[in-house]
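Chemist: Listed below are the residues making up each chain.
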Amino acid sequence: MIPVENQLSLMLITLMKGVTYRDDDPALWQSLLGLQARVYDHVAVLGLELVLDEAEGYAYLRQRLTNAETTNGVADHELPRLVPRRQLGFGVSLLLALLRKKLTESDVKSGESRLIISREEIVELLRLFVPDSTNEARTIDRLDSHIAQAAELGFLRALHGSSDQYEVRRILKAFVDAQWLHSFDERLAEYRTRADARD
Amino acid sequence: MADQTLDYHTLATLRREHPAWRLLAADHAPLIVSVLNRHFVQPNVRTFAREDLIGRVDDDLFHLRDQLGADAFPRSAAQYLDEWAADDKGWLRKYYVPGTDDPHYDITPATEKVIDWLTQLQIRHFVGTESRVLTVFELLRQMTQGTEHNPDARVADLERRKVEIESQITRIRDGQLLLMEPTQVKERFLQMAATARSILSDFRDVEQNFRDLDRTVRERIATSDEARGVLLDAIFNDRDQIENSDQGRSFRAFWDFLMSAGRQEELSSLLRAVMALEAVQSLSPDPRLMRIHFDWLEAGEVAQRTVARLSQQLRRYLDDQTILENRRILQLIRQVEQGALAIREGFPNGPPMEIDEPAPAVNLPFERPLFARAFKIGLSDAPVLLGSEDISAQALFEQIYVDKNRLAGNVRRGLQTRDQVSLVEILHEYPLEQGLAELVAYLSLAAEDRNAVIDDEHAQTIAWSDEVGTSRRATLPLVIFLRATISS
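Protein chains in written order, with this note's numbering: chain A, 1 to 199; chain B, 200 to 687.
Simulated from the structure, these hints should not be mistaken for laboratory data.
Misleading hints may appear alongside valid ones.
[To be verified] Covered, in the sense of this in silico footprint (three residues per stretch, anywhere, with C-beta under 8 Å from a C-beta of chain B), are these stretches of chain A: (1) 10 to 22; (2) 50 to 62; (3) 93 to 101; (4) 117 to 131; (5) 152 to 163.
[To be verified] If you anchor each label on the Cβ, the simulated ranges turn out as follows: (6) A:Asp-144 / B:Met-458: 49 to 55 Å; (7) A:Ala-158 / B:Ser-579: 32 to 38 Å; (8) B:Leu-540 / A:Asp-177: 19 to 25 Å.
[Stated by the list, open to error] Each computed DSBU-like pair below joins lysine-lysine, with the alpha-carbon atoms no more than 35 Å apart: (9) A:Lys-102 / B:Lys-288; (10) A:Lys-109 / A:Lys-173; (11) A:Lys-173 / B:Lys-293.
Don't be surprised by glycine CBs; every beta carbon is placed ideally from N, CA and C.
Please model the complete structure; the sequences and the hints are all you need to start from.
Modeler: Set out below in structure tokens:
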């Protein structure tokens, strides 16, 4: 067991470096469950918020919504952001939405399996949206870069010992949620109207 | 019972689609069945990591190719495993477990059925009828009595049995001890063995049923068009869908029975007693039957963990929030898909999005390790030749050099004051310095010396500690050295 004095420090440092999964380190997870409240208070000082999903088995830090963002009107003292916001191209965004669908669909079949997907299957997912082009190679390259970006964000993880198998990590559910998808949907609608208006 | 039709079309489909029939009809059936039986069924193993299983199957293929020729079964173990786990075969189940990226395999219930059936084909025993007809009667009685509402009828039946038992007791007291005939014993044993084995081989089926139940409930939720209130009522009236199904109840009753105090010991002693009976011995029973209840425990535990895990996850899935959220998510994604398809120019054009990273930006440039040149193993291409030098191997035998002259000197000095001295006494004065080798050298001295006697009838024990401090003891025949007499 981790010595009690170091537990809080270890928790905070681990969370500052990325997502904590129960399956990766059950002992650490147990500590975190016990120290939740203290971690929460500690990171609040930095304008961060601890998100802990016991059912799904992951925990991470996100930018705390300041009063200015939650209520319209009164602009409260806003803290600078610590959590960066990444820009995603359309391709990656679409890929993330489709992976989210896959995750939900696999939950329909069974609650216990990890979602492992091969590179070919990912290509198949996107195929519907890729117009038949003469430059097949460029499409594949582009898809590869999307996969790489999704992996960088922590949503896909390449399996050890295999060059084309990936695990879709459940943390995707926390980031590609209803709000994000709704926003995506709205932007697509906007984009279409502008495209239509142009012609 | 009504859904088992054997008309032509059903059978034609079954042969194509049921993995068990497909396995029987497969070209490589002897290979597949022998391999899977050997690794899964015989040792009662429920799961294998891929790398582990590949290694074992590779071994099997190697031995078979030895006997059948190098081009028998030309593919690799990994390829065979992938084929047997594919959807169109269905003989192995491939799955991922938390904590490792190595997939795991288990045989499917269909494969187990085939292995069981083929085992039965070879069993040559007489067909017992008496014990089985008695079992039928007993089960019928249990069912009627168990569902009898009328208390008087129940009491009447119990009274009847009491009378029977009392008359049995009287007869025994009078000296009429009725023993079972060997045939009756054998018959019952065969029935017990068959039932016990089939319980064991049914566990995978039980687990699969649990998984199917889980899936059915989840699918119902996902595809249901029912108004929210109706659906939720139907499901939530029973949150424990899996555990309260027929399969769930029956399994739990079995498990509770097996786990109740004293049951294991009772089964152990009953099995021991039965296996010792002469009539049973004459059937040359499989000695594994003695521990069948432990096999049940192992297999049952796996099933038990599966059902617990599935139930817990299902309860979470049935959570109000989860159901609604999943529906909304799917609906939104459908809209996104339609939107993406409708964009005139198509992929890769389209609106960008933003997303937060999963942690604050912590820059750690010095955490990256410095470049280290990859270690290159230099492999020499020189051919390996058979050495042909004639070097004396004597050096190998001289690792411990015992100076026999020194030992002879010890013996001589021991004989200065006495006419005869035993080896033990010599070692008291001159303890062993080189352990067993020195002891053997003394023995060889004694064997060569005309004036020494080795008496096999008596034994001596000599103890010493070797160079690392371990104490050692040797028992050897009595060795006595005698002073050389003038006239010998």
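Chemist: For every hint, state whether the structure bears it out.
Modeler: Cross-check of the supplied hints:
1. Closer than 8 Å: that is the beta-carbon criterion, and the stretch 10 to 22 of chain A has 5 residues meeting it against chain B, so the requirement of 3 holds.
2. With a threshold of 8 Å between beta carbons, the proposed coverage of the stretch 50 to 62 of chain A by chain B holds, since 4 of its residues qualify and at least three are required.
3. Only residues whose C-beta sits within less than 8 Å of a C-beta in chain B count toward coverage, and the stretch 93 to 101 of chain A has 7 of them, enough to reach three; the restraint holds.
4. For the stretch 117 to 131 of chain A, the stated coverage by chain B holds: 5 residues have a C-beta nearer than 8 Å to a C-beta of that chain, and at least 3 were required.
5. Residues of the stretch 152 to 163 of chain A with a Cβ under 8 Å from some Cβ of chain B number 6, which satisfies the need for three, so the listed coverage holds.
6. Checked against the hint of 49 to 55 Å, the C-beta distance between A:Asp-144 and B:Met-458 comes to roughly 53 Å, which is consistent with it.
7. At roughly 35 Å, the beta-carbon separation of A:Ala-158 and B:Ser-579 lies within the given 32 to 38 Å, and the hint holds.
8. Between B:Leu-540 and A:Asp-177 the beta carbons are some 23 Å apart, a value that agrees with the proposed interval 19 to 25 Å.
9. The straight-line distance between the Cα atoms of A:Lys-102 and B:Lys-288 is roughly 24 Å, inside the 35 Å bound, and the hint therefore holds.
10. Annotation: proposed proximity of A:Lys-109 to A:Lys-173 holds, straight-line Cα distance about 17 Å (limit 35 Å).
11. As the CA atoms of A:Lys-173 and B:Lys-293 are separated by approximately 25 Å, the hinted pair is consistent with the 35 Å bound.
In this structure, every one of the numbered hints holds.
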